[in-house]
Amino acid sequence: MQDNNKKRIYADNAATMPVLPEVVEAMLPVFYDNWGNPSSLHEEGQRAGRALEAARTTAAGVLGCRPEELYFTSCGTESDNWAIKGAAYAARNKKNKIITSKIEHHAVLSTCEALEKDGFEVKYIGVDKGGLIDLDELRQQVDDKTALVAVIMANNEIGTIQPISEVAEIAHGAGALCFTDAVQAVGSIPVDLSKLGVDMLSLSGHKFGAPKGIGALYIKKGVRIRNLLEGGGHERGRRSGTENLPYIVGLARALEIARERMGDMKRVAALRDRLIEGLLAIPHSCLNGHPTERLPGNVNVSFEYVEGEGMVLWLDKMGISASTGSACSSKSLDPSHVLLAIGLPVELAHGSLRFSLSHANTEEDIEYIIAATREVVEKLRKMSPIYPGYEAIPPIPTER
Amino acid sequence: MQDNNKKRIYADNAATMPVLPEVVEAMLPVFYDNWGNPSSLHEEGQRAGRALEAARTTAAGVLGCRPEELYFTSCGTESDNWAIKGAAYAARNKKNKIITSKIEHHAVLSTCEALEKDGFEVKYIGVDKGGLIDLDELRQQVDDKTALVAVIMANNEIGTIQPISEVAEIAHGAGALCFTDAVQAVGSIPVDLSKLGVDMLSLSGHKFGAPKGIGALYIKKGVRIRNLLEGGGHERGRRSGTENLPYIVGLARALEIARERMGDMKRVAALRDRLIEGLLAIPHSCLNGHPTERLPGNVNVSFEYVEGEGMVLWLDKMGISASTGSACSSKSLDPSHVLLAIGLPVELAHGSLRFSLSHANTEEDIEYIIAATREVVEKLRKMSPIYPGYEAIPPIPTER
Amino acid sequence: MVYSEKVMDHFMNPRNVGEIPDADGVGMVGNAKCGDIMQMFIKVSDKGIIEDVKFKTFGCGAAIATSSMATELVKGKTIEEALKLTNAAVVEALEGLPPVKIHCSVLAEEAIKAAITDYYKRRGIEMNFAPSEHSCCERDCERRKN
Amino acid sequence: MVYSEKVMDHFMNPRNVGEIPDADGVGMVGNAKCGDIMQMFIKVSDKGIIEDVKFKTFGCGAAIATSSMATELVKGKTIEEALKLTNAAVVEALEGLPPVKIHCSVLAEEAIKAAITDYYKRRGIEMNFAPSEHSCCERDCERRKN
Ligand SMILES: Cc1ncc(COP(=O)(O)O)c(C=O)c1O
Ligand SMILES: Cc1ncc(COP(=O)(O)O)c(C=O)c1O
Chain A
1 MQDNNKKRIY
11 ADNAATMPVL
21 PEVVEAMLPV
31 FYDNWGNPSS
41 LHEEGQRAGR
51 ALEAARTTAA
61 GVLGCRPEEL
71 YFTSCGTESD
81 NWAIKGAAYA
91 ARNKKNKIIT
101 SKIEHHAVLS
111 TCEALEKDGF
121 EVKYIGVDKG
131 GLIDLDELRQ
141 QVDDKTALVA
151 VIMANNEIGT
161 IQPISEVAEI
171 AHGAGALCFT
181 DAVQAVGSIP
191 VDLSKLGVDM
201 LSLSGHKFGA
211 PKGIGALYIK
221 KGVRIRNLLE
231 GGGHERGRRS
241 GTENLPYIVG
251 LARALEIARE
261 RMGDMKRVAA
271 LRDRLIEGLL
281 AIPHSCLNGH
291 PTERLPGNVN
301 VSFEYVEGEG
311 MVLWLDKMGI
321 SASTGSACSS
331 KSLDPSHVLL
341 AIGLPVELAH
351 GSLRFSLSHA
361 NTEEDIEYII
371 AATREVVEKL
381 RKMSPIYPGY
391 EAIPPIPTER
Chain B
401 MQDNNKKRIY
411 ADNAATMPVL
421 PEVVEAMLPV
431 FYDNWGNPSS
441 LHEEGQRAGR
451 ALEAARTTAA
461 GVLGCRPEEL
471 YFTSCGTESD
481 NWAIKGAAYA
491 ARNKKNKIIT
501 SKIEHHAVLS
511 TCEALEKDGF
521 EVKYIGVDKG
531 GLIDLDELRQ
541 QVDDKTALVA
551 VIMANNEIGT
561 IQPISEVAEI
571 AHGAGALCFT
581 DAVQAVGSIP
591 VDLSKLGVDM
601 LSLSGHKFGA
611 PKGIGALYIK
621 KGVRIRNLLE
631 GGGHERGRRS
641 GTENLPYIVG
651 LARALEIARE
661 RMGDMKRVAA
671 LRDRLIEGLL
681 AIPHSCLNGH
691 PTERLPGNVN
701 VSFEYVEGEG
711 MVLWLDKMGI
721 SASTGSACSS
731 KSLDPSHVLL
741 AIGLPVELAH
751 GSLRFSLSHA
761 NTEEDIEYII
771 AATREVVEKL
781 RKMSPIYPGY
791 EAIPPIPTER
Chain C
801 MVYSEKVMDH
811 FMNPRNVGEI
821 PDADGVGMVG
831 NAKCGDIMQM
841 FIKVSDKGII
851 EDVKFKTFGC
861 GAAIATSSMA
871 TELVKGKTIE
881 EALKLTNAAV
891 VEALEGLPPV
901 KIHCSVLAEE
911 AIKAAITDYY
921 KRRGIEMNFA
931 PSEHSCCERD
941 CERRKN
Chain D
947 MVYSEKVMDH
957 FMNPRNVGEI
967 PDADGVGMVG
977 NAKCGDIMQM
987 FIKVSDKGII
997 EDVKFKTFGC
1007 GAAIATSSMA
1017 TELVKGKTIE
1027 EALKLTNAAV
1037 VEALEGLPPV
1047 KIHCSVLAEE
1057 AIKAAITDYY
1067 KRRGIEMNFA
1077 PSEHSCCERD
1087 CERRKN
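As you go down the protein sequences, you meet chains A, B, C and D in turn. When the letters of the first sequence are read in order and numbered with my numbering, they come out as residues 1 to 400. When the letters of the second sequence are read in order and numbered with my numbering, they come out as residues 401 to 800. When the letters of the third sequence are read in order and numbered with my numbering, they come out as residues 801 to 946. When the letters of the fourth sequence are read in order and numbered with my numbering, they come out as residues 947 to 1092.
Just chain A, same shape as in the assembly (with noise of 0.2 Å):
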C-alpha cells in the first residue's frame, strides 16, 4: 500500500483547495489582454476598470449583497484584520470591548491579541463539546460597552457551524457591530448576506478554487469602520492598493462555480459521514466536533496513544493528504486551541486528524483513506510507549 504514489488523494482542502481549471482560464486572458491599472483614464485603464465592476457585481450576486458593498483584499487575513481592528478603532473613546469566540482562526485570535495589548477588552466565549457558541454567555457579555462581535461561521478544524443570524441578533440587541469569519464557509454552504444579518463578512478565494492571495471583505452599507490600508484611495476610498483584477475575475468566477456546485455538496456530506464512521471503528478513537452542524468536507478524529504529526507524515507517504491539530504540526508547538476549547484532553488533542474533503473526492478515495489509516495508526500504536497493549482492529465496517 505504501508506495501508491501515483495518484494522490487530496483530502486537505481546508488549508487550501487546489485552484480549479476554470478559474486558470478565467484569468489567463486579464494576464494576457487586460492588464490595465482600473484608475487609468485611456482605454487600458477603462476596460480594466469595466471588468473589475463586472466581476464585482458577478460576486456580490453569489453572495447577495451589493456590489458597493463588496471589497476586495489581498487574503482572509487582511479581511479579518481590516474588519477587527478598523471597528475596534473606529468606535474607540466611545467601546471598548470586543466579543470573540475561543475558537476562531489565529487571523482573529492573533488580532484581538494585538488590540488587548492596546487596551481593548477583548472577552473569549467558549463553546460547547460540539463546537456551538455558548449563546447565553454571549448574551451575559455583549453590552453597550461592545463595539465588535466576531464569530466564526465555520470553524477550519473541527467544521462546526455557528448559528450566525443569533450571533447577529444578539449583538444588534445591544448596539455592537457583527462580523464572521466566512472563510470557510463560503463556497462550501451556502451563504445568503441578504438574510444572514452580519454587518461584515470575510472571504478567502482559495478555499473555493481561487488561487491564494484573494480575499473579499463585504461591509454592509452604511457601516464605518477605519482603514487598514492607505494610500491612493481604491475601492471607493476604503482598501488602497493597485487592484489584481486576474484574481479578482478568478474570485468571481470561482464563487459561480462554487453555486453551481451546491448541490454536490451532499454527496460529499456522505461521503464525509462515510469516512467518519470508517475511521471511528478504529479503537480508542473519537470524532472532533458537531454530529450534524459541520462543514459538508470535515472530518476531524482523535486516536489515542498516537500523534497527528507521525500520522499525517505516513499518509502523505500513502499518497494522502490531510492535517492535524498536533502540537507538533507544522509551525505550531502548541496543540490547537480548538480541540482544548471544545474540552478534548491535550493527548487527544495531539493525536488529531483532519480531513476536509471537496467535490473531487469519490468514494475509492474513501475507502483507501479509512484502509491505510488503520495500518498507519496500527503501525504507530505499535511503537508507542503508552499503548496498553495491541487491541485487534475490528474489519472495516461494510458501507451503509
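Derived by calculation from the structure, the hints in this document are not laboratory data. None of these values were measured; they are calculated from a predicted model. Treat the hints with care, as some may be off.
Claimed, not checked - With a straight-line cut-off of 27 Å between C-alpha atoms, the simulated BS3-like cross-links for lysine-lysine are: (1) B:K517 - A:K145; (2) A:K382 - D:K989; (3) B:K666 - B:K494; (4) B:K502 - B:K545.
Unchecked claim - Computed beta-carbon distance windows for the label pairs: (5) A:L28 - C:S804: 55 to 65 Å; (6) C:S845 - B:I796: 28 to 38 Å; (7) B:G519 - A:T362: 57 to 67 Å; (8) B:E516 - A:R139: 49 to 59 Å; (9) B:G526 - A:D33: 54 to 64 Å; (10) D:N959 - B:G622: 35 to 45 Å.
For each residue, glycine too, the CB sits at the ideal point set by N, CA and C.
Starting from the known structure of chain A, arrange chains B, C and D with the ligands on it as the hints suggest.
Just chains B, C and D with the ligands now, kept in the frame of chain A:
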C-alpha cells in the same frame, strides 16, 4: 491620425506595466501543479514551501539582501503602510515623530496623515524645483524623537531620483530608522540593498512586469516593527496570510528579467530624452522634474492653456496611453501635490502630461507621440478661453 | 471613472465651439486654479431668442462636453427658457456624469447665466443669475494617483 | 518545515524499535501533554557496553527519528561514552532538524540518560543525568494553522 487605433502605444508604465509573457509562463505551472499550502506537512505543501523559498532566494539575490530579510506582501501600498505604521507604533511612547517628504506617493502620505490623527507628529520636507529633497531641512528636522525617516526613492509622477543613501545616513545619525518607497525604482534603476543603507524598502511587482497584487517589504535583519497583518504566523511570524505562490514566483522572475534588461534602460533613457526634446519644442511648455536625476522612462511636461485630462483622452483616441497630474484626472480633483511641491503654479499642474516608457517602446512610438501631442495641444488650445492667441507651433525638431 | 458615449461624443466633437465677435452677452466662469474655465457668447434676437451661442472652455472632458451640451440646450430658446436651464438637465442630456464631475455641469449652467447677466447688463438691467465666484475648493473628492 | 532525508528515513524505518523484556535499564521522558514520550531500554554487558538498545516513542516525526538515531549512536558504546551523547550530536547525525524540533533531540538525549540512570539505580548507585521533568511549556513557537 485619429483612427490609428490598430497598434496602441502604451506609455503609462508608471501606472502599471503589462504582465510579461515570461512571467505568466513562470506562474502557469504554479497554478496548475504547485497549488499547495506552504504550511502543510504533506507533499503538496512541502513542494509549495520549497518553491516559495526558492523564489525568495532569487528575489533577494537580485536585490542584494538576505532571503530572510524579504517579506512578501500584497502590494506596494501594503508594504508602505506596514513599514510606516509598523515603525511608528513600535517606537510609540519613546519616539513620536515621523519625517517624510512632500512628494511621497499617497500610500505613504495618507498613512502619515492617519498617524497624525493618531497623535504622531509628521514633518513633510520640501523639495527643490527638480524635486530633490532639501537635505538641510532634513538635517534640521531629524532629532532623537524621530522614529522614522521615509523618503521615496524615485517619484512616480516626475521621476526624480533621491540621494537615498545620504537620507539614510542623516536618519541613522539621529538614531532614526530609514524607509524608502522604491516602488517606481525597482526594475527601472539598479537597487542594491547591500550598499543602499536603508532599514526598509518597499517594492511592487506590477511596476516591472509581475501582476498587480504582489509586493515585498525588505526589513533589515534586527529591525523590529509592528505587524500589520496578524494571524497564522506566515513570513516568519511577521506577515500572516496564506502565501500567494504564483505571484511570488512571478515577482522573482520579473526581478530577474529586470536585472537582465537593466542595460536596455540606456536606450529607454535616450527615448525619454528625445521625447522631452520633442515636447518642449511646443511653445508654452515646461519640463517637470529633474533634468538628469530622473527615471529612465519618465517624461512629465506641462502645457499652458490646456488641461491634462482632455489631452489624455484625446491621446487615448489616437492610440496613446498617458496620464496627467491634473485635478481632473481620474478620481482626484486636487491637482498633483507633487507638481505643487516643486513650485509649479496650479494652472500648469492642471496642464501636465506624463509619459512613462518601458523597454517595449520604440523610436517610432516616440515620434508618433510627439506628433500626436502637438496636434492635441493645438486642438485644445484653440478652444481655450485663456489662450492668448494662435501661435504657430514650430516644426518637430529633427532627431539628434 | 467612465464617461458615457454621449459625453465622449460632445468632448471629441464639441458643438458650437468658438467666439461670437459681436456677441450680445459674454460670460466667463471658473478659474484656471480649479482647472475649469468656461466662456459663453450669446447672440440674442430682438424677440429675445438666443439665435447663436458659442463657447470656449479650458477644462477636462466633462467641462468641454457640458459646455457643448449647454449651448445645444439653449440655442434657439428664449432668454427666459435659457434661464431655466439646470445643471441636472445638462447631465441628463449627456446620459449621466461621474459623481466627481457633476460640478462641471454646474459650471456650464453658471456660464450660460453669466452670459445672460452680461446681456441684461449691456441693456442696462442689473441682474446676476450666477454665483460670482465658482469655488473649486468646496469639491469633495477621493484622491487616486499611480 | 522540511525534514531532511535522513530524518524521514529514521522516521519511516526506525532502527531498534521495541522493548527489551529483561533490560538492565529503562527510562521514560516527556509526557503525553507535550505530545512526546520516549521510552528507552538498554541491555548492558558486564564490561559496561551497551549491547542492545530499543525504544518506544509517542511523538512526531522528529521524536521518532531522534529516538531511532540516539539508539544507533549508543549501541555498542560503553556507558561512559553513551553519557557523552549530546542532542547536538543527534541533530548532526540526522543532518539537521527544523528549529522548532530541536527539543526532540534534547528529549532523545534525556531518554538515553534516564535509561542509564535506571541502570545505575538498579546497581545501587544513585545518579541522575536527566532533568526529572521535561517541560514542553518552555518551548517557543510560532503558531500556524489553516
Ligand atoms: C511610488 C509608489 N508607491 C506606492 C505605490 C503603490 O503600489 P501598489 O499599487 O502596488 O499598491 C505606487 C503605485 O501605485 C507608487 O508609484
Ligand atoms: C477560518 C479561516 N479564517 C481565515 C483564514 C485566513 O485566510 P488566508 O489564508 O486567505 O489569509 C483561514 C485560512 O487560512 C481560515 O480557515
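To see whether the hints hold, each was checked on the structure:
Between B:K517 and A:K145, the direct Cα distance comes to roughly 23 Å. Compliance with the 27 Å bound is thereby established for this hinted pair. Taking the CA atoms of A:K382 and D:K989, the gap is near 21 Å; set against the 27 Å cutoff, the hint holds. A threshold of 27 Å between alpha carbons decides the hint, and for B:K666 with B:K494 the separation of about 46 Å lies outside it, so the pair is violated. For the suggested pair B:K502 and B:K545, the alpha carbons sit about 20 Å apart, so the restraint of at most 27 Å is met.
Under the hint 55 to 65 Å, the C-beta atoms of A:L28 and C:S804, about 31 Å apart, miss the expected range. The hint said 28 to 38 Å for the Cβ distance between C:S845 and B:I796, and at roughly 47 Å that hint is violated. Distance hint for B:G519 and A:T362: a CB-CB separation of about 59 Å, consistent with the stated range 57 to 67 Å. Distance hint for B:E516 and A:R139: a CB-CB separation of about 40 Å, inconsistent with the stated range 49 to 59 Å.
For the hinted restraint 54 to 64 Å between B:G526 and A:D33, the CB-CB distance of approximately 43 Å leaves it violated. Under the hint 35 to 45 Å, the C-beta atoms of D:N959 and B:G622, about 42 Å apart, fit the expected range.
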